[in-house]
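Asker: Sequence:
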Amino acid sequence: MTDTPMNETPMRDTIARRTLLVATGATAATLAVGAATPGTSTAPTTDTAPVAAAAVCTLTKEMTEGPYYLDGQYVRADITEGKTGFPLELALTVVDDDTCATIGNALVEIWHCDALGEYSGYVGNNGHNEPDSGTFLRGGVLTDAGGVAGITTVYPGWYIGRCVHIHVKVHVGVTLTSDGSFTGGTELHTGQLFFDETVTAKVGALSPYSANKVRRTTLAQDGIYDDGGAASGLLTLTALGSSPSAGYSGTLTLGVER
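Just so we're aligned: the sequence shown equals residues 1 to 258 in the working numbering.
The hints are simulated quantities; they were obtained by calculation from the structure and are not laboratory data. Keep in mind that the hints are not guaranteed to be accurate.
[As the list claims (entries may be wrong)] When the alpha-carbon atoms are kept at most 30 angstroms apart in a straight line, the in silico DSSO-like pairs for lysine-lysine are as follows:
id, residue 1, residue 2
1, K169, K83
2, K83, K202
3, K213, K202
4, K213, K83
5, K202, K169
[What the hints assert, rightly or not] Label-pair ranges, simulated between beta-carbon atoms:
id, residue 1, residue 2, range
6, G124, R258, 38 to 44 angstroms
7, T177, A220, 40 to 46 angstroms
8, A246, A77, 15 to 21 angstroms
Keep in mind it's a predicted model, so treat the numbers as computed, not measured. By construction, the Cβ of each residue, glycine as well, lies at the ideal position given by its N, Cα and C atoms.
Work the whole structure out from these sequences, hints included.
Answerer: Here it is in structure tokens:
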């Protein structure tokens with residue numbers, strides 16, 4: 001039985017807000033909503049999963065915010081704060097669910113745990129003692145004119161009861177503040193991003209991830225992920241080099257109801 005945290009209850013039976021995910025991949029360009037992959041590295045095909053067969057608009061439910069959200073995080077493209085882990089370059093494209101038109105100037109905010117399964121602001125909840133800045137692996141950026149938010153982070157670890165994942169919110173109409181954060185605006189989407197199990201197994205076998213001795217919950221065992229693929233937040237991962245330590249790019253197109 002999967003140990004799902006009591007305050008991170010699945011929302012499979014409640015559609016709080018309609019959202020749309022348009023499959024990423026070469027065919028998505030025909031709808032002008034394809035996400036650009038950061039960087040210039042030529043990626044091997046052996047660690048690419050999954051590849052979209054067609055650009056299909058799919059309505060999907062939102063997912064729980066979870067217990068580890070903190071307000072007032074920084075607007076920044078790099079959220080690593082020196083955290084060890086394998087590079088992860090995210091390219092998340094935001095589109096309007098009615099028209100599939102890209103949405104510029106939307107704030108895409110993410111937060112996730114480090115290699116040992118600890119969240120900033122809550123360090124110790126996964127049994128590890130480490131410095132806590134209250135801000136590592138948290139933050140977001142405004143989408144560009146093409147609707148793309150590019151964020152640099154590290155491949156997440158895991159904690160008891162959950163598979164490897166990243167939390168995501170999409171806001172519009174925010175005001176940037178002088179301290180590098182944001183206020184106001186309207187929250188359009190709350191969801192989660194998920195990772196191919198084959199890739200995660202390779203990453204988890206190597207340091208620093210292998211130091212996390214908490215039993216890892218797989219995608220199939222997770223109480224939040226519903227096996228819906230890209231429609232449920234499963235990223236398209238592309239290796240940035242010949243070994244997992246070189247890192248990955250992760251792409252997905254998120255559609256929101258304005």
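Asker: So which of the earlier hints does this model not fit?
Answerer: Of the numbered hints, all hold.
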